[in-house]
Structures are given as structure tokens and as C-alpha cells.
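**Student:** The residues making up each chain are set out below.
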Amino acid sequence: MAALTEEQSMVRDQAKSWATEQAPIGAFRKMRDSDNAERFEPQTWQSMVEMGWTGILVPEAFGGSDLGFLTFGVVLEELGRQLTASPLLASGLVGTSAILLGGNDAQQQALLPRLVDGSEILTLAVDEGPRHEPREVALAATAKDGGYVLSGDKTFVLEGMAATSFVVAARTSGTAGDAKGITLFVVPAGSAGLARKAIATMDNRGYASVSFDAVTLGADAVLGRVDDGFELLEQVLDRGRAGLGAEMIGTSSQAFDMTLEYLKTREQFGRVIGSFQALGHRAAELFSSIELARSCAEGALQTLDAGGDADTVAQMSSLSKCRVGDCLHRMSNQLIQIHGGIGMTDEFDAGFYLKRARALEATFGNRAYHRDRYATQLGF
Amino acid sequence: MSQDQQLDGFRDSTRKWVAANLPEGLKGKVLGMEGETETSLGADLQTWRALLAGKGWGAPTWPTQFGGGGLSHPEAKVISQEIAKAGGFNPIPLLTGMGTTMVGPTVLEYGTDDQKERHLPGIASGEVRWCLGLSEPNAGSDLASLATKATDEGDAFVLNGSKIWTSGADISQWCGAVVRTDNNAKKRDGISFVMLPMAQEGVSTKPIKLISGSSPFCETFFDDARADKADLLGDLNDGWSVVKRLLQHERQSQTSGSREANTDKETLADTAKRYVGEDSEGRLADADLRVRLANHLMDAKAHSLTVGRITAEARGNVEVSAAASILKNSATDVTQTRSELLLELMGSQGLGWEGDKFSEDELEHVRQWLWGKAISIYGGSAEVQKNIISKNILGLPETTQKG
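Protein chains in written order, with my numbering: chain P, 10 to 389; chain W, 401 to 803.
One thing to keep in mind: the hints can contain errors.
Said to hold, decoys possible - Label pairs and their computed distance ranges (CB to CB):
| id | chain 1 | residue 1 | chain 2 | residue 2 | range |
| --- | --- | --- | --- | --- | --- |
| 1 | W | Gln406 | P | Glu16 | 48 to 56 Å |
| 2 | P | Glu16 | W | Leu407 | 53 to 61 Å |
| 3 | W | Gly747 | P | Ala12 | 55 to 63 Å |
| 4 | P | Ser43 | W | Lys586 | 35 to 43 Å |
| 5 | P | Ala149 | W | Arg715 | 47 to 55 Å |
| 6 | P | Glu16 | W | Trp417 | 56 to 64 Å |
| 7 | W | Lys586 | P | Gly350 | 35 to 43 Å |
| 8 | P | Glu356 | W | Arg715 | 41 to 49 Å |
| 9 | P | Lys206 | W | Asp679 | 37 to 45 Å |
| 10 | P | Glu16 | W | Ala450 | 49 to 57 Å |
| 11 | P | Asp237 | W | Leu407 | 38 to 46 Å |
| 12 | W | Gln406 | P | Asp22 | 52 to 60 Å |
| 13 | W | Arg715 | P | Ala70 | 28 to 36 Å |
Just so you know, the hints here were simulated from the structure itself, not pulled from any lab data.
The beta carbon of each residue, even a glycine, is placed where N, CA and C say it ideally should be.
If we strip away everything but chain W, and leave its shape as in the complex, we get (with noise of 0.2 Å):
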């Protein structure tokens, strides 16, 4: 059976199970849009988690031994093709907070083996959510000056500090920190990798407010916390390898381009249409706002291209091409384009904050296109992204190190 006939046969089975056990509750709502949370989705919610948990699901690529499915990437593609048609969602990458897409593939790395036994099984049952202490607040795009300090005490470290942009600190278990374990080697050299539970005396949070109206990020503060010894991952000192894969894995994460793009709702051409009406030849009646949204669809048309052709060459004879290091950038240019055009062509229905004069549809645009100005600034700024290029794919001096 060739490798095309193998995959059709999973895609048949799986496609047969989610049939089966998606609850219909579920069907056609997201965790976290339009203002469906844990609660409100209920007991549907816990069954489906645990239905996906157990057959390794909430993290599909990972060995079965760490709770996960032991499958191959074609797979995981399919499970979430024939979850996303059947019209559900897979909640468990949504309930571990930086869990699936950042802690578990570090972990599976650099972690000990009783480092992966404590900590996967959690993350892949999408029962314990992990939050991330990287950024403080004189630490942002240059990370390595952190100053959060780890003071060793035998079987533990004692953590002083704070860390600050920490999402969904407040509603974690766990947190992955770097902190400062050696005050006097050079500033990349001194850092280490720790992890430790949220539920302690020595650490506080402190949701914080952001423009958008919502505060999915926190404060984090560390009065000697405590994290065990044996939960320092990777080497000591040598943190800063652990958060550079770590933000890779943040990247491959933030690459997908605008998070609609899957929907069946309208698209933007016709919500433009709706909202700016058309002239007798059917042309978009706004001929300046016509050119914009006509390059905006070619940049993402380039963007999905340009992921397409990176898988291919993954798995073709030619090189993968530096091209993956551009696609943070190019995602979040397209998801920022759309929200701007987005606000721009409701008019004045695209500057509402409440109430009956606007739709679910607008309100809920407005916050997200406030939140959309976060996405070039995590995760690596713009501006941090183009000096990677810069020195690391196109070879040009370093621009941000002293002497």
C-alpha cells in the first residue's frame, strides 16, 4: 500500500470517529471566539478532551509513551482537517496555554526522560496549562538582559523577580522561566532554563489591561519561588539554546497567516462589497480601497504559496530554503493588513466598542484588530525578526551586540 493509500485509509477511520464522538454541542463554536469559554461550553467540552486525549490526540506527533499519538505529521494534518470539516475544534493545544506548541517539543528535546514522564502525559490530556516567564519589563526584544535571579539552595533554585507579558499566567499550572543563574559570565552565557508550579506562595500575577479591552497576559512575580532542581531543563547556564528552539517552536506556531482564513464566512472581497457597494460594471465603488484589498489578497496569496512551497521542498530534493524565516513577518503583515482594511471599509460601524448600534461581527472586529497589534511585537518583533534574517540567513554583521 503506497504512503497516499495509507493516509486516505486514516483520513476514512478518522473521519468515522469524529463523526461519531464529536459532541453536537460543540459543533460550529470555537474556545475562546465569540465569547465561548470553558463554562460556557460545559460538560461537552471535558467529554471531547478526554475523548481526543485518549486516543493521544491532543498531541498527535508525540510517542505514545508521553501520552501522545505516535503519528506522523500527514496525520496530525488530518485529524485537524476532519475535525475543523466535521465543524469542532480540538480544544487541548487551547487549554495547555504554551503546552503543546512550545513546552512539549522542548521538553521532548532537552528534558530528562523523568522530566518527560511528569510533564508530557499533562500537557497532551489538555489537563494542565503552561504559561512562559521570558520577556521582564527591561527585557523585551533584548531578551538576554533578563535579571530575574535563580540563587541555588541544594535541591532547588530560589527565583527573584518578574517576568511580565506572561499569558495566562493566572490561569496556569506551571510556568517554563528563564531566569539568570550566573551574574557574571556574558549575558547569553548566564541563563538557565527552570520550571516550576504556579501554585506556591513566592509566585503573584497580575492580569494586565491591554487597549483591545481583554488581558490575556499577566504580570508575573517571583518572591522566592521555588523551582526543584530537577525540573531545570537542559544545562545549566545554557538556557539561552533551550528559549532559542523554544521561540523557533513559537514561530513555526505563528506562521499559519490570518486565523479566518479556514472559515466559511464571507470573504473579504464580498464583506467590502456589503459595506462600500459597487459601481454598474460590479468594480468595488471605492477605487483606491479596490487596489489596496487587491494587493492585500496577493500578499496572501504569496504568503500561502510561499508555506505550500516550503512543505514541498521539506520533502523534495532541493534544500529547505531560507525562506521559512520570512513567513513570521509575511503572516503578520497579512493578518494586520486584513484587520486595517477590515475596520476601514465598515466605516463608522468599524469604530464601535458596545452596544446595539454595531453587530457581534464589528464589535468583535474592533478588539480583534486592536489585538492584532500585538503580533509583531511577540514572538519576536518585526524589527527582531529582520535582524535574524538579516545576520543569520543573508550572513550580515550582528547590529544589536556591544563591541
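Same shape as in the complex, but just chain P (with noise of 0.2 Å):
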């Protein structure tokens, strides 16, 4: 754990009160079990927005407190523990940097405020197709009497069912591949020829495809500048990745003390499992890939914090998501192997946090999309 202040360490304590005693991975089984269509708990978000969560980045002008990305890191570290599900990430960070960076003033006014007191579930429409490529944007946004038409499709989008409105990625020139060509809209959820479908995923949270059927928009929806959004969405996606770095250590660390209570507990042979030396020195390594993964990871939000440049950022990033998501991988799959045939039951959690895993692996970029990232930004 970083060396936190003291309100980063009191924002912590209150998370991991709260997600253990509110919102604790059984909470997460009673949704799954239940059609709750929108994937997570009302009164969760609720309570967020009342923990002042949603304005953790957002300046205290727009009724937010700025305390940074170390501290909302912190406090999705033990919602990644708990498995709790809520739009915090895909609103309170993402959608929410989207506007902290590329909203003028009009749209900094109109959405801040409503994403803080959570009002506003704003969400991040990237991919296409079932492997993320921001580049690959194709969905059409043709301009038409001062304004844009959108024409296309949005799959996986995190909290689509739920959003109030969209930060959709549309290309305005170009072709897909192109980086240059891709600007950002602020689209309501409640627009003409808008649609959405939910999408069953493994892990029970809340996906959604959205179509765009010749969805008329003012030039005022325009986030950013036109053609040039490419840049801006890499450092939306940026913060959400290290947002997810965050998270996922969350994950795998409650996947870990798991495994660890269970290597003291469990006897075979007459003896527990733990005093087998090839299990001592698998929690061992578990231990240390988990060490070196929350270095990358506080070290993303850290240079974050420190206001560091687009690339810098990027590069570290990629890093925590990437090494993140190894650790993570090992440790999910450890999860079931240790537990053996308990592991493979629906009764127990572990199951939960395998199907987890591999969906926080894949958002905003696999493992294999970061490192061939950072080796281009190493320029190798």
C-alpha cells in the first residue's frame, strides 16, 4: 500500500467498512440471483453518491472534492474485494474524465454537478467489435444542418443499461484504423433511434450493445474538438484503465487471502494443505506477482495525481493493466486449483471472481493490447 494521507487513509477505512458490511460479495449473489436489469443495487449507488464518491475527481466548484485518482483508487480496491457492483467506475471515473477533460464550460456546468450527485450515470462507448481497437471506430457521424447524425453500433459498454447518457466514440472523417477522423459526443440515453440491449456476460454486471440509428445531435453535443477526439478518448481510457488496475488488485488480493485461509485450514494427509512445500512456494509467488502488481497499479494513479504528461501516463497505464491482469489471471485460476472441487461450486465465491477476472482482463484492452503498447511507446 502506498503511503496514503490521512484522508486517503480515512476514505479507505470507510470503503472497506462499508463494501464489508454494505455491499459484501453475498450482496453480489442476491443480484445475481435476482432480474434486476440494471446490475447493481440502487441504494448501493445511492450510498456512494452519499460518501461523496462520485466527486472524488471532480473540483469543489462543481460540488465535488478533488481528492485524485490515489484516493478513488483506493476506494475501488475494496469494491474490487467485494465484488460490488455499481456504475462508480464507468460514471464516477470515466464518464466523469471525459467531461473533467474535454467538457467546455456549458457542458462542464450542465453535467458535473448531475454526475456528482448522481443523477447523471454517464458512460464510455468504445468498442465495435469484440476486441478493443479505439482506432477502429467506424460508427459514422455525419454532420447535417449544423449538427451530427450518428449511424452504428456500440457493443460491450460498461453500465449501459443504467446510463442517462453516452460519451459515444463516432468517426467524423477518415477510415476506420485512422486516429485521426474520431471525435467524441455526449449522446443522452433517451435520443431518437437510440437503443439498447443488454448483454449476458459471465459476470453478471451490467453490459450493454447500443445502436445508433440516425441519432440527430446538436454541434453542442460535441465533446472536444472535431476529428481530433482521438487523443482525448486515449486519455479517458487511460484514467479508466488505471481505474481498473486499481480494481483488479482489489480482486486478486481477496482472491489471494482466500486462498491462503484455506491453505491453513485444509487438511489432506493428515496435515494442512499449506505445509506442502510446492503450495508454500505457489502462495509464495502469488504473493510477491500481487506485490509488484499493486506497485504498477498505485504508480498509474500516482503519476496521474502528479499531473504527468499524456505519454507518461499512457505508459504507465498500460503497465498496471497489463501486469495487473497477469497477476490477476494467475490468481483467479489458483483460486479454483487450490480450492479443488469446493472451487468448482456455484455455493462457494470463488466462481464469482474467476468470471470477474476475465471480464476486467478484456475492458479497455487485454493484456496483450498493453504490452504491445508499452512496446510501441518504448519504441521498440
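Join the two chains, each given in its own frame, into one complex according to the hints.
**Tutor:** This is how it looks when you write it as C-alpha cells:
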């Protein structure tokens, strides 16, 4: 754990006790077994708003606390431990960052207070196919009557069913694969021509496919600059990736703690299985990989807090997403393996962590994506 | 004046002093690297050593009364940074063998006043080189099963047995050795730590030639060798505590990762491109190597971030995390993987042993790669480190003790 300020420690303690008492893994199981269409509990979201978590990145002038990314990270880590479902990352971090980085005065004044009070859930719609590749944006935004008409499809949109509006990456010029020609738009969920459909994923969280059938927007829907939205998009994504790194560290840590506990209590051959060196060494390796990954996750958040330039932020976010992804991938497999048969049962929670792990790994670029990106950033 | 301002002031004065005193002939050279020896560096080396010793900068954080500099750890770091920036190096740690990194800190903690006065100044000035007699032919990872016997003969212990992997034993003046002083106690409870001069009839050494061709290690034989009772470090039969502490100091000194990290040679990625070439988009031509290189550089970054995190935690309001315990293995992985990648990317140029077909760098690298295999063996093997993590950090049962 990084050296935290007093305020950050307080937020962490608050998040830890709230998540374990009010929104623990058992609450997630209940939600999974319900027909809740949004895939999170409204009172969970309300509590987060009341605790001020939606305002962690927002300046005080707009009702936030401006405590920064590491603070956001300590909250996400605790939520990652309990698999607490909510739009906090999608809206409080990603959507909010889009407005903070790209919004003009009018957009910030209209949206930030509503993002802080939770009445607005703003999520990013970027992917159009099974693989994350922001340059491949093809959804067309055609200029018409001083505004734009959007046509195309987005998929794997985080909290897409609960969202009240979307930040949509669309193509105003060029062709799929070009960085140039991408523009971001803020699109209300109720716009005529916009339709969404829930995607039933194995991690039981709220994803949606969103289709745009000649959705008409005014010029004031543009976020940032026309045709030059790719850099903004990457900066928004990098904030999301850094946040995911923190959440994934929480998920890994919880999976490790469950495994360690089992190693100390499960007996076979007349002794606890943790006394077998093969398992003791595996535990040591998993522990080491989490500690090293944690440094990457915290490093990415601290780089953002220190106001690092876009290239440094990109490098650190890719490092975090890839390294924590490697760690979570292995940890989630070992969680099942070391628990043996009980790990395979639905009655036990291990499966939730495994399924969630793969979804987190895939979100905003998987490990291979970020390894490649890191190498490119370093010039090879 | 704030701490930071004080440190800035210290940095300025250090920089000026180094600029004024570092001999020209030493710039860009390091003892032990690229064939440089005490002889090749000549009088410059001795002049520079004496100047540093005069300021106590051979062991900057030790008390001044024992030859140290009486400085803080941040100040000590400033000294090494400023010397490195000026293109120099501090020869004293290199000239004392295990002295400044392991023996000295342990004597500071466990030694009597008499021992501190007799032994520390010679280490701090770089004039007395120390070796350590720890491992034995039949006591490697299982160090506590050591058999070298020490018999009480009044003023002295008389030692019989042999030690192995004693670094620099053939050129050291003093040795710290763990010996068995009680055959009847449990194996960890019958061990003592003694210090003895190497120049005596009962001590002989024999260098061991390694796969890299070099011989940094020796076998050391004790045939009625004598260690004064006044040189028993710590209590009789409590040598296991002393040696555990000593090994902690060793791990501390082995956590820095790749030794080339601070030089301004070309980056590993650039070296890779030079040998392997690139595609039309500037990517390394060998896609498989590119992935593994990226993984390695991420590991190296994760390691250095973790070192930084532990330092920050030590100053901050969070307990020092258990992460410190993983650094030895992590540093080892980074260094060994780097060596393997470098060897691989050089292709057949990475297979040279001697001769004109190969550059100095290429030949040096082959030797370094071979030598690097020792890192996961010495100072507690990678497997022993995992035992330590699993038992001491994770609280899992001991797996290496019988019954």
C-alpha cells in the first residue's frame, strides 16, 4: 500500500467497512439471482453518492472533493475485493474524466454537478467489435444542418443499461484504423434512434449493446475537438485503465486471502495443505506477483495525481492494466485450483472471482493489447 | 531550513567536493568492470580512497568515532549519486569485500565497544578486506547443519573444518565465520559467530574456477586455525541470530536489480534493434522476442516501482509492507532474464568465449550471463526465499524442519 495521506486513509477505512458490511460478495450473489436489469442495487449507488465517491475527481466548485486518483483507487480496490457492482468506475471515473478533460464550460456546468449527485450516469461507448481497438472506430457521425447524425453500433458498453447518457466515440472523417477523424459526442440515452440491449455476461454485470439509428445531435454535443478526439479518448481510457488496475488489485488480493485461509485450514494426508512445499512456494509466488502488480497500479494513479504528461500516463496505465491483468489471471486460476472441488461449485464464491477476473482483463484492452502498446511507447 | 533544503545544500557541497577531488584517471571506470583492477587503476585509486576515507564516506552512515561519516541515509544516497554523476565510483565498498555491506552493520549491532573500535575503522577506510565463512560443502541452503568445529582452548577457539563459496578469501585479511560450538544442542542452538585473521598458519584457501571462467570464490580450510575469544561476535551459541541478521543485510544489498540500470549505455530495446532489426513500422523484427522484451521491461519497472514504494512507506504513515521480502527474488528474475534476452538477441555473437570475432561487450556479456546464474543461488537461493516468504510473511507451516 502506498504511503497514504490521512484523508486517503480515512476514505480507505470507510470504503473497507462499508463494502464488507453493506455491499459484500453475498449481496452480489443476491443480485445475480435476481432479475435486476441494471445489474446493481439502486441503494448501493445512492450510498456511494452520499459518501462522496462520485465527486472524488471533481473540483469543489462543481460539488466534488477533488481528492484525486489514488483516493479513487483505494475505493475501487475495496469494491474489487467484494465484487461490489455499481456504475462508480464507468461514470464516476470514466464518464466524469471525459467531461473534466474534454468538456467546455457549458458542458461542465450542466453535467458535473449531476454526475456528483448521481442523477447522471455517463458511460463511454467505444468498442464496436469483440476486441478493444479505439482506432477502429467506424460509427459514422455525418455533419447535417449544423449538427451531426450518428449511425452505427457500440458493444460491451459498461453500465450501458443504467446510463442516462453516453460519451460516444464516432467517426467524422477518415476510415476505421485512422487516429485522425474520431470525434467524441455526449448523447442522452433517451435520444430518438438510440436503442440498447443488455448483454448477459458471465460476470453478471451491466453491459449493453447500443445502436444508433440516425440519432440527430446539435453541434453542442461535441466533446472536445472535431476530428481530433482520439487523444482525448485515449486520455479518458487511460484513466479508466488505471482505475481498473486498482479494482483488479482488490479482486486479486481478496482471491489471495481466500486461498491463503484455505491453505491454513484444509487438511489432507493428516496435515494442513499449506505445509506442502509445492503449495507454500506457489503461495509465495502469488503473493510476490500481487505486491509487484500493486506497485504498478498505484504508480499509474500517482502519475495521474502528479499531473504526468499524456505519454507517461499512457505508459503507466498500460503497465498497470497488463501487469495487474497477468497477476489477476494467474491468481483467479489458482483460487479455483487450490480450493479443488469446492472451488468448482456455484455455492462457493470462488467462481464469481474467476468470471469477474476475465471480464476485467478484457475491459479497455487486454494484457496483449497493453503489452503491445507499452512496447510501442518505448519505441520498439 | 527544511529537510529538503538541507539536503539540497549537502548536495551542492558534495558536488563541489567531488568535482575538486575525483582524479581524472578514474572517470568512466569501475573497479572490477571491463578488466579494471587495483593495479590498473594505480595510485589514483589509492588517492581517491584515502580522500573518501578522510571524510568517512566509505561508510557514510556509520558513527564518526568508528570511521564513518555520521550521516543520514538520504545524505549517503546523495554522495553515491553525486560521485556517479561525476563519472566516478566509490571504491571502498569494493575494496572491503563483505566489510561495508555485511560485516560492518552486523558488528555495529552485535559487537562490543572493543570489537567496534578494532574492526570498523579499517572497513570504513577501505583498508581491510573481509570474507565470510558461511556455507560448507554439506551445508548450503541448509546452513544450520554446518560442521566446522570450534574447540574452547582458553583465550581462543580452535577451528577445524572447511568453508566453501567464501568470496575473495584468497585476498582478504579477516574472515567472519559461523562455527559449531555445541554438538549436543539442536542444530541452530549450537552455532557461534567468530572473527579471525586470515594470515595464520591454520588457514588456507583455494580459488574455485567458475563456469564464467572467473574465480571470485574460494574453498577455505581451517586446520587448527585460531580465533581470539575477544572476537566472538554476539553470545556463545547464539551465532544463528547473528547470521540471520547478517543475511538480512546481504539481501538488502542484493535488491537493486540490474547493475547496469544507472549507466547511460544504450537501452536494451535499442540493442535489440541493432542486432535484430525492425519492421516497416519500427517494431522489433522478431515478434516473439518483442513480447518477451516488453514483459521483461515491465517486470523491471514493477521491481523499481516496488523498491520506491517500500522506501516511501518507510517514511509515510503505513507500516512497511511485506513487499521487502520479495525483492531479492524479483531482482534476481530481472537481472537473469535481462541477461538471457541479451544473449539471445545477439545470436551467434552471443556465443563467444574469446578472440577477435567478438566485441569486448559481447565477450563481457557472456561472462556476465554465466556469472548471473549465481544470483538465484547465493544469499539464500530462490527456493529458500520462497520458504521465508511462505513461513514468515504468510504464516504457513515450516516445511524444512524435520518433526
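**Student:** Compare the structure with the hints numbered earlier in the document and write down the numbers of the violated ones, lowest to highest.
**Tutor:** 1, 2, 3, 4, 6 and 12
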